[in-house]
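Asks: Order-wise, the sequence lines are chains A and B.
The C-terminal residue of the first sequence carries number 85 in our numbering, and the numbering is unbroken.
The C-terminal residue of the second sequence carries number 365 in our numbering, and the numbering is unbroken.
Mixed in with the good hints, there may be bad ones.
Unchecked claim - Heads up, incomplete: computed chain B residues facing chain A, CB under 8 Å, no partners named:
#1 264
#2 265
#3 296
#4 298
#5 308
#6 309
#7 312
#8 313
What the hints assert, rightly or not - Once the Cα atoms are required to be at most 30 Å apart in a straight line, the calculated DSS-like pairs of lysine-lysine come out as:
#9 45/A - 263/B
#10 263/B - 29/A
#11 81/A - 45/A
#12 45/A - 182/B
#13 182/B - 29/A
Treat the hints as calculated values from the structure; they're not laboratory data.
Source: prediction; values computed, not measured.
All C-beta atoms in this analysis are idealised placements derived from N, C-alpha and C, irrespective of residue type, glycine included.
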Amino acid sequence: MPRYHLNLFNSLDIYDEEGRDFDDLAAAKVEAIRSSRDLMAEHVKAGEPLDLGHRIEVADDEGKVLVTINFRELITIKDSKGITA
Amino acid sequence: MPSEGTGTNWYIARNQWARGKQEDQINRPTRPSDLGLFVQRLLARSRLTDEEQHAILALPTREFEVRARQDFVPLGEETDCCCYIASGLVARVDQVKNGSRQITAIHIPGDMADLHSAVRPIGIGGLTALTDTLILSVPHTAVRTLGRDFPAIAEAFWRDCILDAAILMQWAVNLGRKDARSRLAHILCELAIRYGGGRGGPLLEFDLPMVQEQLGDAAALTSVHVNRSLRALRQERLVTVRGGIVKIHDWERLMQAGEFDPTYLVADTLPDRQRRLVFQ
Chain A
1 MPRYHLNLFN SLDIYDEEGR DFDDLAAAKV EAIRSSRDLM AEHVKAGEPL
51 DLGHRIEVAD DEGKVLVTIN FRELITIKDS KGITA
Chain B
86 MPSEGTGTNW YIARNQWARG KQEDQINRPT RPSDLGLFVQ RLLARSRLTD
136 EEQHAILALP TREFEVRARQ DFVPLGEETD CCCYIASGLV ARVDQVKNGS
186 RQITAIHIPG DMADLHSAVR PIGIGGLTAL TDTLILSVPH TAVRTLGRDF
236 PAIAEAFWRD CILDAAILMQ WAVNLGRKDA RSRLAHILCE LAIRYGGGRG
286 GPLLEFDLPM VQEQLGDAAA LTSVHVNRSL RALRQERLVT VRGGIVKIHD
336 WERLMQAGEF DPTYLVADTL PDRQRRLVFQ
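Here chain B stands alone, though its shape is the one from the complex (with noise of 0.2 Å):
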């Protein structure tokens, strides 16, 4: 619910930030706990050393657990660490005076949500957990100081954050220009890119644990009207969305439906645009 967009819950998840390892106390089962699939993320488009990797993956975190439909970064507050999603379903959201939310991206498992908060620790929307979600935070001066030894590193940071901000172009055109069928079918084609890795390839089936509310909140649709949209969708014989799980069936059918070009998400995971900039 809107009204659960309150600072509360970012406080209880800093606490159990700040207790840290005691946290153990929760019965946890084997998860990812480094930051791997974000050095898989930059190496989709940048070339890292092995020193480099290593370094990213030596950056310190500590782990928060956020239960669904947590804010855990509230609007308007100045943060001091990243965040970087280690399992679940993490939200941009901004709101409007009435309480209606709008979500401007949707990050997933290997994302660092808010990397550019790095260098912009305000101002840039508030992030909510979808699903249960594992967050590693980094500290800023942690990545603040990794850019500065390792200037490549700065210029892989630099490229994901201008991916997020592609994202977020075409987030805009889906929802300003599209209808209801083509604004869903866009974002569950940004999710298969994005799930298959940014190499090009969609993942045909992945979970997606967002209610049709949530949905509604990303495309600016009515719950009701996602329900219809998703229903033309699956008639159709394109996608079908049940039980958090998207399955696709027509993968270019789906792609006309929601005029999706892949461009904007692995242009720049071709070898020769990964080329480094700067040398140390």
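This is chain A alone, in the form it adopts within the complex (with noise of 0.2 Å):
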């Protein structure tokens, strides 16, 4: 299996050293956008401003960049009267 690298910059930037296996880079992605939800979560939760610039970055071995995962994808905001962000 390849072996993925999901590198996080959001308030630090936090370079995956360890790396995990994925049956492919779908799965990397799938859980990138996992990780970047709970994230945005835990923020949101502890009443810290919600930076959407931040994102994580599926790497391969090589530290090539394969996928950026942009928090701003990632969520809607809305009002009663339509979306406003």
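Using the supplied hints, reconstruct the complex from the two chains, each of which is provided in its own coordinate frame.
Replies: Structure (structure tokens):
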């Protein structure tokens, strides 16, 4: 199974030195999305500002970035009048 | 991978178990091959005579090796033996429909990971090896016979099972009510006290051959979140977890971070708590 590294760029830049084996790139992407949502949720719960410019990059063992998950793409904010962000 | 959570590996392990001594073809170094650490674990909270201690050490055992990530007690399967961890690291696990796993307990060498199975052989999760692990299995019949012949041993086993229950209760509070950083701090504090022998003092440096994904399964976090939280704990100079080794830099502050109070692990180790309730 290929190994991918999920590098996080939010208030800290955190490189995933250990990496993890996934069935394929699609599975790594699913995990990156799940992780992004999880981190955003914790920020919201803690009352911290949510920076939609944060992201997780999925890289291979050589460090080549294969997929970028931008937090902005994962969240929809709306009020009763419709989508506002 | 969760997909490895099938019964297949268990049967391999069981075949190895059945072959017993024949598996000596595997080259292995000297290692703990008796129940000495288990007796030490019991003695931390129960008084046992020399005769009783020897009776435990004389329990029949069979060795089998389990490779990292192998499930050797699958979910929902009835067992006929208890699994003592001679070396390595084991987790109790359960799994939800989407394949996500939740670790509900970590067992270290010296633990009889499923002592309760001697009286309840089914329905309390499965066991999986977190790293290459050596198990000594003890037939339930032998465990029950020992309890019948030595009531004080039955009492010691009872206390041991209650310790695991106390750990599980704190585990639930930890996962249910704390943030990511606190959860990981709590789990590391728990292991430090248990590796310290359960007599109060923590071991400040120990092996923890768990990858981020497994720590995530224990703390109900994604591996990215584990990585981020461990970084935060390291930057605060509380603890460093790297390369399978835990180094605690500031025990007091790590306990504060994890809202950890070791009472649930050590309350019954005080001499007046070890009083025997049954007499022969």
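Asks: Next, verify each hint and record whether it holds.
Replies: Hint check results:
no. : hint         : result
1   : 264          : holds, 7 Å
2   : 265          : holds, 6 Å
3   : 296          : holds, 6 Å
4   : 298          : holds, 6 Å
5   : 308          : holds, 6 Å
6   : 309          : holds, 4 Å
7   : 312          : holds, 6 Å
8   : 313          : holds, 5 Å
9   : 45/A - 263/B : holds, 11 Å
10  : 263/B - 29/A : holds, 27 Å
11  : 81/A - 45/A  : holds, 24 Å
12  : 45/A - 182/B : holds, 26 Å
13  : 182/B - 29/A : holds, 20 Å
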